[in-house]
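Chain by chain, the residues:
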Amino acid sequence: MSEVPRFWRESKHRYRLVGTRCENCGNLYFPPRDICPTCRRESINKMKEEELSGEGEVYSYTVVHDGLEQFKMQVPYIIAIIKTKEGPLITGQIVDCNPDDVKIGSQVKSTLRKVRTEGKSGIIQYGYKFILK
Amino acid sequence: MSSIVSYGSYVPRYRIRAEEIARVWGEDPENIKGGLMIYSKSVPGPDEDVLTISAEAGKNAIKRTDVSKKTIGAIFVGSESHPYAVKPTASILVEALGLPNDIHSADYEFACKAGTAAIQNVMGLVDSGMIENGMAIGADTSQGAPGDALEYSASAGGTAFIIGKKGIAEINKTYSFTTDTPDFWRREGEKYPSHGGRFTGEPAYFKHVLTGAKRMMEMQGTKPEDYDYAVFHQPNGKFPTRAAKMLGFKDEQVKDGLLTPYIGNTYSSSMIIGLSAILDKAEPGDRILAVAFGSGAGSDAFDITVNDSIKSYKRDRAPGVMEQINRPIWIDYANYVKYRGKIIMRGE
Chain A
26 MSEVPRFWRE
36 SKHRYRLVGT
46 RCENCGNLYF
56 PPRDICPTCR
66 RESINKMKEE
76 ELSGEGEVYS
86 YTVVHDGLEQ
96 FKMQVPYIIA
106 IIKTKEGPLI
116 TGQIVDCNPD
126 DVKIGSQVKS
136 TLRKVRTEGK
146 SGIIQYGYKF
156 ILK
Chain B
73 MSSIVSYGSY
83 VPRYRIRAEE
93 IARVWGEDPE
103 NIKGGLMIYS
113 KSVPGPDEDV
123 LTISAEAGKN
133 AIKRTDVSKK
143 TIGAIFVGSE
153 SHPYAVKPTA
163 SILVEALGLP
173 NDIHSADYEF
183 ACKAGTAAIQ
193 NVMGLVDSGM
203 IENGMAIGAD
213 TSQGAPGDAL
223 EYSASAGGTA
233 FIIGKKGIAE
243 INKTYSFTTD
253 TPDFWRREGE
263 KYPSHGGRFT
273 GEPAYFKHVL
283 TGAKRMMEMQ
293 GTKPEDYDYA
303 VFHQPNGKFP
313 TRAAKMLGFK
323 DEQVKDGLLT
333 PYIGNTYSSS
343 MIIGLSAILD
353 KAEPGDRILA
363 VAFGSGAGSD
373 AFDITVNDSI
383 KSYKRDRAPG
393 VMEQINRPIW
403 IDYANYVKYR
413 GKIIMRGE
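Line by line, the protein sequences are chains A and B.
Per our numbering, residue 26 is the first one in the first sequence, and the count goes up by one each step.
Per our numbering, residue 73 is the first one in the second sequence, and the count goes up by one each step.
Quick caveat, the hints were computed from the structure, so don't treat them as lab data.
Bear in mind the structure is a predicted one, so any value in this text is a computation, not a measurement.
Misleading hints may appear alongside valid ones.
A few chain A residues facing chain B, derived, Cβ under 7 Å [claimed, not checked]:
#1 Arg34
#2 Ser36
#3 Tyr40
#4 Arg41
#5 Val100
#6 Ile104
#7 Ile106
#8 Asp121
#9 Arg141
#10 Ser146
For each residue, glycine too, the CB sits at the ideal point set by N, CA and C.
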């Protein structure tokens, strides 16, 4: 089944790291949330979109040697948890480097890349990845 | 006339040397390095295409200016390697760059001068008062057939310009010259382009580039010595070097914009990434002659004067062209063909 509608709904968040901030408690969420899990009903109509800077540091990472078919061209590749400057932890790929170049605490910034494609004729899904600064 | 408000470029980090390509095809690398003046070229990563390259170039242009994204009323993207045959690259960029949805957008194609065609169209909208500012991008991930001479040059990169009324460099005039010249083409559905070998020289590149430059200087009443910099389309290092000499320009006027020897021919970004490298070091009052060429064939010439605003312009908010060129990740031919999708995988 095509993932077009789901991908389309999330494209703004995937392209530009748009999260949501609860104007009741000030917490920032990525991926975005419609309701703040802390303030719950108090946050209704108070969740505002906010773009993250894309800057952060490596919180943890792993090197994938047996990847999914779609990522065969990129093996071995790095999947990391990034602690963003604004706070939220984001899981993403670190590209344009050797696995040996990555350390916990390495400074990174986001970049827009192809994440996957739906076969030869389906849509191309773009989204955030990270590169070393 | 309109002016350059901001600019930004992006060069993928992967590179392959001419020696490595020559090794695989049994050729003498000195013929390529000496004859074509190409020492290495950029290669897009396996997850990079014209959209991602355009987005990075566009982001760099936006970072360097305090002009609000809300004032950008047009985005045009010139390329011969748009990711989709039908689905505009420009439409994805509107969302990826966070531009307003009230915007004129379109993709352009004119071989290697689609980026300058985009600049001219934005200029028209600015000068007519239809928009305040507009973005024009030239980007490509060009392909050469395995073993073809083009494989040494066809590379990847992109450059974005924000054009508006008040900027850092005035575009004093632009002029275009077009003829029906079949020097280079790619038929619908074909993966690799075809070209006319030596026919790409005199009747195509030189006729159009020299006419564009000469007509511009005639109209402006200028001579080569009136320009601090000159930059021409650069399918290799040899052609623009020879064109500059034929026009009467000296090496020091063209060296800063001549990048193909190190990153290859970035096609729709080829001349404008050279212009971007010149703007990285330009001073107030510097005058630049810039001529793009697109096979098929045509040329777009620009006469540009840098103004005082470049002093307060925030160039250091984004990496310059040379900074990006000087951080290569070298790859061999095997990884090159893997990244460029030249290996037939199971099920294909």
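- Task: Could you work out which earlier hints the structure fails to respect and list their numbers in ascending sequence?
- Result: Checked against the structure, the hints that fail are numbers 1, 5, 6, 7, 9, 10, while the rest are satisfied.
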